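Model the placement of chain F on the given structure of chain Z, informed by the hints.
Chains Z and F, in that order, give the protein sequences.
Numbering follows numbering that gives the first Met the number 0, with no gaps: position 171 of the first sequence is 170.
Numbering follows numbering that gives the first Met the number 0, with no gaps: position 131 of the second sequence is 130.
The reader is advised that the hints may include incorrect statements.
[To be verified] Taking CB as the label site, the calculated pair distances span:
no., chain 1, residue 1, chain 2, residue 2, range
1, F, I189, Z, D105, 47 to 53 Å
2, Z, V31, F, A518, 44 to 50 Å
3, Z, V31, F, S11, 51 to 57 Å
4, F, E101, Z, L140, 53 to 59 Å
5, F, R639, Z, Q91, 42 to 48 Å
6, F, F527, Z, V31, 48 to 54 Å
7, F, E354, Z, D105, 53 to 59 Å
8, F, R59, Z, V31, 27 to 33 Å
9, F, A723, Z, E88, 28 to 34 Å
By construction, these hints were calculated from the structure, which means they are not laboratory data.
Owing to the predicted nature of the structure, the values given are computational and were not obtained by experimental measurement.
Ideal Cβ positions, reconstructed from N, Cα and C, are used throughout, including at glycine.
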Amino acid sequence: MTVYAGRSRNPLPVSLVQTERGGHAGPMSDAVESDILRDLCTGQNLAVLATGTGTHPYASLVAVALTPDLRHLYFATPRATRKCANLAENSQVALLMDNRTNQVSDFSHAAAATFLGTAEEVTGAERDQGLAIYLARHPHLEEFTAAPSCAFFKVRIDRIYLVTRFQNVMEYHFSP
Amino acid sequence: MNKSCDLVVDLSEVTSADLSRVGGKALSLARVAASGARVPPGVCITTAAYTRYLDLTGIRERLPFLLGRKAFSEMRWEELWDLALRVRNLFVRTPLPDALAEELRKALATRFGWIPVTVRSSAPAEDSSTASFAGLHDSFVNVCGPTAILDKMRLVWASLWSDRALLYRQELGLDPSDSSMAVLIQELIIGRCSGVAFSRCPGRPHLAVIEAVWGLNQGLVDGDVEPDRILFDRLDKIIERHAPQREQACRPVVGGVALQSLSADERGTSPLTDADAARVFSLLRQAEAHFGAPQDMEWTERDGDLFILQSRPITAAGTAAEGDERSWYLSLHKSLATLRNLRRTIEDELLPAMEQDAQRLAAVNLTSLEDEALAAEIQRRSGLLDAWEARYREVCIPMAHGIRLFGQLYNDRLRPEDPFAFLDVLTGDEGLLAVQRNQALQALAEQVRRDPVLADQLRDGCAPAPDTPFARSLRQFTIRFGGLSWVMGTAEDEAQALITLVLEMAKSTPPRHSSDRQAREADYLAAFAPEDHSLARDVLDIGRASYRLRDNDNLFIGKLSARLREAYDEAERRLAQREIAVLAELIAPEKMRVARRTTANPLSFQQPAALPGSRQQARQLVGQPAGPGLAQGRAHVIRRPEDLRTLKSGDILVCDAVDPNMTFVVPLAGGIVERRGGMLIHGAIIAREYGIACVTGVPHAIDLIHSGDRVTVDGYLGLVTIEAHAPGERPAG
Numbered sequence: 000m001t002v003y004a005g006r007s008r009n010p011l012p013v014s015l016v017q018t019e020r021g022g023h024a025g026p027m028s029d030a031v032e033s034d035i036l037r038d039l040c041t042g043q044n045l046a047v048l049a050t051g052t053g054t055h056p057y058a059s060l061v062a063v064a065l066t067p068d069l070r071h072l073y074f075a076t077p078r079a080t081r082k083c084a085n086l087a088e089n090s091q092v093a094l095l096m097d098n099r100t101n102q103v104s105d106f107s108h109a110a111a112a113t114f115l116g117t118a119e120e121v122t123g124a125e126r127d128q129g130l131a132i133y134l135a136r137h138p139h140l141e142e143f144t145a146a147p148s149c150a151f152f153k154v155r156i157d158r159i160y161l162v163t164r165f166q167n168v169m170e171y172h173f174s175p
Numbered sequence: 000m001n002k003s004c005d006l007v008v009d010l011s012e013v014t015s016a017d018l019s020r021v022g023g024k025a026l027s028l029a030r031v032a033a034s035g036a037r038v039p040p041g042v043c044i045t046t047a048a049y050t051r052y053l054d055l056t057g058i059r060e061r062l063p064f065l066l067g068r069k070a071f072s073e074m075r076w077e078e079l080w081d082l083a084l085r086v087r088n089l090f091v092r093t094p095l096p097d098a099l100a101e102e103l104r105k106a107l108a109t110r111f112g113w114i115p116v117t118v119r120s121s122a123p124a125e126d127s128s129t130a131s132f133a134g135l136h137d138s139f140v141n142v143c144g145p146t147a148i149l150d151k152m153r154l155v156w157a158s159l160w161s162d163r164a165l166l167y168r169q170e171l172g173l174d175p176s177d178s179s180m181a182v183l184i185q186e187l188i189i190g191r192c193s194g195v196a197f198s199r200c201p202g203r204p205h206l207a208v209i210e211a212v213w214g215l216n217q218g219l220v221d222g223d224v225e226p227d228r229i230l231f232d233r234l235d236k237i238i239e240r241h242a243p244q245r246e247q248a249c250r251p252v253v254g255g256v257a258l259q260s261l262s263a264d265e266r267g268t269s270p271l272t273d274a275d276a277a278r279v280f281s282l283l284r285q286a287e288a289h290f291g292a293p294q295d296m297e298w299t300e301r302d303g304d305l306f307i308l309q310s311r312p313i314t315a316a317g318t319a320a321e322g323d324e325r326s327w328y329l330s331l332h333k334s335l336a337t338l339r340n341l342r343r344t345i346e347d348e349l350l351p352a353m354e355q356d357a358q359r360l361a362a363v364n365l366t367s368l369e370d371e372a373l374a375a376e377i378q379r380r381s382g383l384l385d386a387w388e389a390r391y392r393e394v395c396i397p398m399a400h401g402i403r404l405f406g407q408l409y410n411d412r413l414r415p416e417d418p419f420a421f422l423d424v425l426t427g428d429e430g431l432l433a434v435q436r437n438q439a440l441q442a443l444a445e446q447v448r449r450d451p452v453l454a455d456q457l458r459d460g461c462a463p464a465p466d467t468p469f470a471r472s473l474r475q476f477t478i479r480f481g482g483l484s485w486v487m488g489t490a491e492d493e494a495q496a497l498i499t500l501v502l503e504m505a506k507s508t509p510p511r512h513s514s515d516r517q518a519r520e521a522d523y524l525a526a527f528a529p530e531d532h533s534l535a536r537d538v539l540d541i542g543r544a545s546y547r548l549r550d551n552d553n554l555f556i557g558k559l560s561a562r563l564r565e566a567y568d569e570a571e572r573r574l575a576q577r578e579i580a581v582l583a584e585l586i587a588p589e590k591m592r593v594a595r596r597t598t599a600n601p602l603s604f605q606q607p608a609a610l611p612g613s614r615q616q617a618r619q620l621v622g623q624p625a626g627p628g629l630a631q632g633r634a635h636v637i638r639r640p641e642d643l644r645t646l647k648s649g650d651i652l653v654c655d656a657v658d659p660n661m662t663f664v665v666p667l668a669g670g671i672v673e674r675r676g677g678m679l680i681h682g683a684i685i686a687r688e689y690g691i692a693c694v695t696g697v698p699h700a701i702d703l704i705h706s707g708d709r710v711t712v713d714g715y716l717g718l719v720t721i722e723a724h725a726p727g728e729r730p731a732g
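Next up, chain Z with everything else stripped away, as it sits in the complex (with noise of 0.2 Å):
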C-alpha cells in the first residue's frame, strides 16, 4: 500500500464511523415524527374532508385550523352543501393534510396526516372560541363565516396517522 493510497480526507460524520460489533446508529438527525406532524398541522391552511353517507364516501377540499393541542380542528362550510348533509346523518369524519409540492422529491420528503374523529356544528361561546382560532388562522374568511348560512364545526379528534418517507406509518392515538 502507498502512502496515497486511500487519501486522506476530513474525518467521517461520527454516526457513520461506528465500529462492526455494536454501536448506536447515532442520532436521529431528521425532525421527529411529531415535530414533522406539528409542523404540517400549522403550515397546511387546507385539508381534505371526506364524509360519508350512502354508497361512497365524499371528499372535499375545506379550510382549516387545529387546537394548539391538536385535540380539536374546526372548518367552516355553507349549509346547503353536500357535506353538510352527510355530517347530518353521520358525524365521523376522516380529513387528510398534507405538504406535498406536486414534486418528484414528495415521494420521499412529504408528510401526510389522516385524522379520524367526531364532527359537531357548534355553537354560542364554544363557536366563538373556535371562531377565534379559525379567523386567527384565515382571516380572510370573516365575512364568509358571519354568514348565517354558514356552519362552523367542530371535530373531536380521535386518532392521527402520520406518514411520512413514502410508507412510514406512525399513529397518535388521543383518550377520549
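This is chain F only, laid out in the frame that chain Z set:
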C-alpha cells in the same frame, strides 16, 4: 450553440468559462496544456449529456426513491454500500436514449475511431481549491470503440452516487441531486513508467515526493503496486529514495488493464533515474507555478516524453491526519489482488491463531486459580479479545469488499433487475460455520422428534442420561461450536437453554435452503467470453470466500468472547460468596462492555412525549428489503441475550442487530426485523441462507415494536407493518 457542441467539447477548446459543463479535472488539464505541458489529447462529454440522460430516462425521478428511505446520517457503511449498488445498477440497466446515444457515438467515432482511450470523471465540484474528489469517482483505462466508451461513461456517471462520493458530498454539505458529471475521454498513453508527484509529502510537508511504477499508474492509485518513492527537498535535490520489492506492473490487456509480472531487468531497476525524476519534479514545479498552489499530479512517460494525466490542488482536507476514519473507510475498497492477500492472511493465519488462543484459554482451569491469578486471567483474556477485535477491524472488515467486487462484476455483466441477485450465487455455502452449527442443532432436534420418550423426559426438565446418543451429540456440539454460553448465559444453565432450543426446533420442520446456487453460477459464467472465465471465476471465488469469512470470523471472535465470559462467571461466583476487591473492580465496567456486544442498542430510543394526552404507536416502518418473502407472526423482541431463549417457532425476530453468535435461533424465526441495515449484515446473510423474510435498517425497531405485537414483514418492499399491538402494551408517548 449546436447540440454536438453542447454535448462534446475538445480539450484544446476548453476555457475557464466552461467549468460548470466540463468539470474541474478537464479544466485543469486544459489549463496545463495551455501552459505548454503535454497532456493526452481528448474531448469532454459535458454535463449536458448527463442532465439529458437523467431527464429523458426518468432516473432523476427514481433516485429520490432510493435515497429517501432513510436519513443519510443514520446509515452505516453496509447501508451506504447497498445504496450505491442500487444506484449503480439503475444506471447500468438504463440505456442511453437513442437520439443521445447516436449523437455521442457519431462524435466519438469521428474523434477516436478504435484508438484505446481512458474514460474519466470530471465533476464540476471536483478538484477545486477547497475540495478534491481524488479517488472518489470511477475511471476506466484502455476502452476501445464508441459503444464501450458510452457504457463506461454511464458507470462514471453512476460513480457520482458511489458511497464514497455520497459521503464526501455529505461532509461538504453538497446535495448530490444538484451535482453533475462531465466525462473526459482521452487517448491512452501507454507509458513505460508512470506515477504521482506530490508537492507536499504526507506527514513531511516540507518535502516533495514522486512515486513511480513500471507501466500504467492504475496499479499505483489502486494500491496494488508498491511504487519507488523519491523525496525532494526545497532546494530541488533528491534526499531520499525508497525502493520496494518490485514485482508487478499494470499494463493494457484486451478490454482493460491487468497486473503482469515484471521482467528481471525491471525488477532490479527503478522506473525513474535521478535525471528522469528531476524532469518529473520540474514538471511538478511548473504546474505549481501555473496554478499558484501545491499540486497533486499524475504523470506518465512514453518514449522519453512526459505527459501530465492530471493535476489538482492539494486541499486543506487533503492533508488530514493519517489514520482518520475516512481513510479507513476508503481503504475498504480493495482490488482483487489485495483481497487475495487478505484472504490468505485470514484463512491461513488469523483464524487458526484465534482457534489456538481459544483452545489455550479453554484449557485453563479457572476454578483452581487464586483470586489474584483469576483477575490477571480476566485482564489477559480481555486484552486478547481487544487485540483480536482490532485485527478483525483491520483485516476482516475490508475482506467484506470481496462480496461487493463480485456483485459489481455480476451486475455489470448480467444487468439483473434485482441488484442483489448476485447473492444467490453466494448463498448455500456449506462452509458457513453458522449453517453447520444450525445443521448440528437440527440433527439434535431430529433425534428429539424421533424419540417421544426422550422429548417428554427433556420437557420435564430431566437431564439426558450421559451415555445416550443424544447426550453424546450434545457434548460434541458444545466441543465443536463452543456451546452457546456467550449469549445463553452461564455455563451451568447453558445446557438447559440448549435443550429448550432443541425442543422448540423439534416442533417444526426446518426451513428449506435455497438451492439454485449451481444454476446461478452457470448463468454468471455464461455471461463471460471464454477468455474471461478465469477472471470471472477468480472474482467469484473471492466473493464466496468473503461471504463465508464475513460470518465465520465472527464465530471465532465469539469463541474468545465465550472464554472471557467464562472467567467473569467464575469471578461473579466468588464475589457472590465474599468480597474480593481485586475482582470487584474488574467486573462492573467489563461486564457492561461484554453485554454491549450481545445485547440490544444500549442507547435505547426515547420517543419524546409527542402530543400531550396521546399514545403514540408505530403502524408501519420502512427499512431495506434484505430477504425476499412475506411473513406474518408474533413479534419477539430481543433486548437481552436471555430473550433468545423464549423465541418460539414462527415468531418474528425483532432485534437491534443479529449478532453472528446468535444466528442459531434464525431457523426458528418466521421473519426478521433488524435495526442495523444492509444486505451484508449477518442477519441478512443468514436469512437469505434460510429463505426467511427479512427487513433490515429499521430505525428504533426494538423500541417501536413490542413482543407480542402481530406484525407482517414484507421482505420484498422492506416494510414492517404492525397489524395489532400486544394486549397491555402502552407504547411511548
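These are the hints, each one checked on the structure:
1. For I189 (chain F) and D105 (chain Z), the hinted distance range of 47 to 53 Å is satisfied, since their beta carbons lie about 51 Å from each other.
2. For the pair V31 (chain Z) and A518 (chain F), the beta carbons lie near 47 Å from each other, so the given range of 44 to 50 Å is met.
3. Checking the proposed 51 to 57 Å range against V31 (chain Z) and S11 (chain F) shows it holds: the Cβ atoms sit about 55 Å from each other.
4. In this structure, E101 (chain F) and L140 (chain Z) meet the distance hint of 53 to 59 Å, their C-beta atoms being roughly 58 Å apart.
5. Between R639 (chain F) and Q91 (chain Z) the beta carbons are some 44 Å apart, a value that agrees with the proposed interval 42 to 48 Å.
6. A hinted range of 48 to 54 Å holds for the C-beta pair F527 (chain F) and V31 (chain Z), which are about 50 Å apart.
7. Range check, E354 (chain F) to D105 (chain Z): Cβ separation about 55 Å, and the 53 to 59 Å hint holds.
8. Checked against the hint of 27 to 33 Å, the pair R59 (chain F) and V31 (chain Z) passes, with Cβ atoms roughly 30 Å apart.
9. Roughly 31 Å separates the CB atoms of A723 (chain F) and E88 (chain Z), a value that falls within the hinted 28 to 34 Å.
Checked against the numbered hints given earlier, this structure breaks none of them.
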